[in-house]
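Line order of the protein sequences matches chains A and B.
Every letter in the first sequence is one number past the one before it in my numbering, and letter 183, counting from 1, is 183.
Every letter in the second sequence is one number past the one before it in my numbering, and letter 25, counting from 1, is 25.
Be aware that a few hints might be false.
[To be verified] Covered stretches of chain B, as calculated for chain A (at least 3 residues, CB under 8 Å): (1) 31-41; (2) 44-53.
[To be verified] Every beta carbon over 10 Å from chain B, so not counted as near; a handful from chain A, in silico: (3) Leu45; (4) Pro49; (5) Leu134; (6) Asn144.
Keep in mind the hints are simulated off the structure, nothing from the lab.
Only a predicted model underlies this, so the values are computations on that prediction, with no experimental measurement involved.
Glycine included, C-beta positions come from ideal geometry on N, C-alpha and C.
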Amino acid sequence: MVGGRSGTTWIRAIPGLFLLLAIAAFARGTGDLGFPQWTGAEALLRTLPVHVYGKNLFVDILHLNFILITIIIGMLIRNTIGTPRWAVEGVKLSRLFIKMGVILLGSLYSLRDLQKLGTTSVIMVLFFVFATALFVMWMGRRMNLDPASSAVLAAGCGVCGVSAIVATSPAVKAKTSDVAYSIATILAFGVACLFTFPTIGTWLGLTPHQFGVWVGTGILNSGQVLAAALAFDPGTATQPSQSLKTGEIFNLTRVVFLPFVVLLLAFVYSQMTGEKDDCGSAAKGIWDKFPVFVLGFLAMVLLTSFGVFGSTSPPSNKLWWIRNLYMWFFSIGLTGLGMQISIAEMRKAGGAPLVVGVTAGLLKAAGALIVVKLLVPPMP
Amino acid sequence: MKTVAGKTGITCSDHVIEAEKRSLSLFSTERLEDYMAILVAAVVLTIVLLFVPG
């Protein structure tokens, strides 16, 4: 038994995993799997003769590369025929694949990179996370939202979407309906960002580094940050995506702040309602909510910095393999993410939570964009 | 388990479980999923170190 699940659950996950792999291979091509005949749906879109200013409309302007294609196929399956029953357990492993991909992504950074990107990200993320969370609490109060509902929405808008909502809900005693409304709002806003940010970034002439800073700060959901960064600049194993490299550091910095934001929101909630938080001490609360997989990412940065996997520039054969592997992990995980996006679920968003969430999300995205245009240099 | 004030029969743990269910993960908690991600990544890296030349 692992986590209360029996061995048969794991066996039942295999068909779903094969479905995710098949969709990822359809979008990416099967060259890495030993079948170079199929070059992928992205390559197929590139051949379509629809051009704007000499650029391919689908791939270069709308950024419909293999990452967005996997998500769209996942969403189409989920919202038309529905996820097949035999695939449900496998789809539930998609977040695991995204986390494994993030750990292996550590192979892109040296300690120096981490120090350079980390300093900027801590300053920006610190400001935007806490400013957004406090803004949502304030606006929620002005719009007569229940304090618990405001708090979960504040966590979702401020930190990292669904995980933050899940982590905050017990601390502020949110009702299931509060959680459902907040998740629906964050997902609906995030899906809109996912498909529009890469196009806006191209129109505004952002460099991959600037785009990474923008999405890492402005998009609410971790998986969607990853997808938008890869949609803008997919990169290759030898020339990795700069928007992913920058965006993920900002995203991870935000994720690390999660336990502190939960504590802040629990404090604000108790001040507003006069109730005491009964979910444990501050130190225990921070450790309980700390995203442990980030430690795996840091370990990977250390191993790469100390040359365990060989030369980083040009990348050794081992690093080439690792970088190809994380792209496959991301493709599989993001296909699953698409299969978890339910339009029916998003329709639950509405009323005051939707207004508060979208206002906060838009302000955060616009504020981050202004900072990027004014202060962030084109290159790291 | 601790009772959440004002909501009869609903406990803090129930909230956690309900919220975790919504996250559509095969794991009962996010912490377990994190440990599994680290474990599988370590296995993958060991295989790469042992079997990939260069």
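- Message: Check the structure against each numbered hint from earlier and tell me which ones fail, lowest number first.
- Response: none
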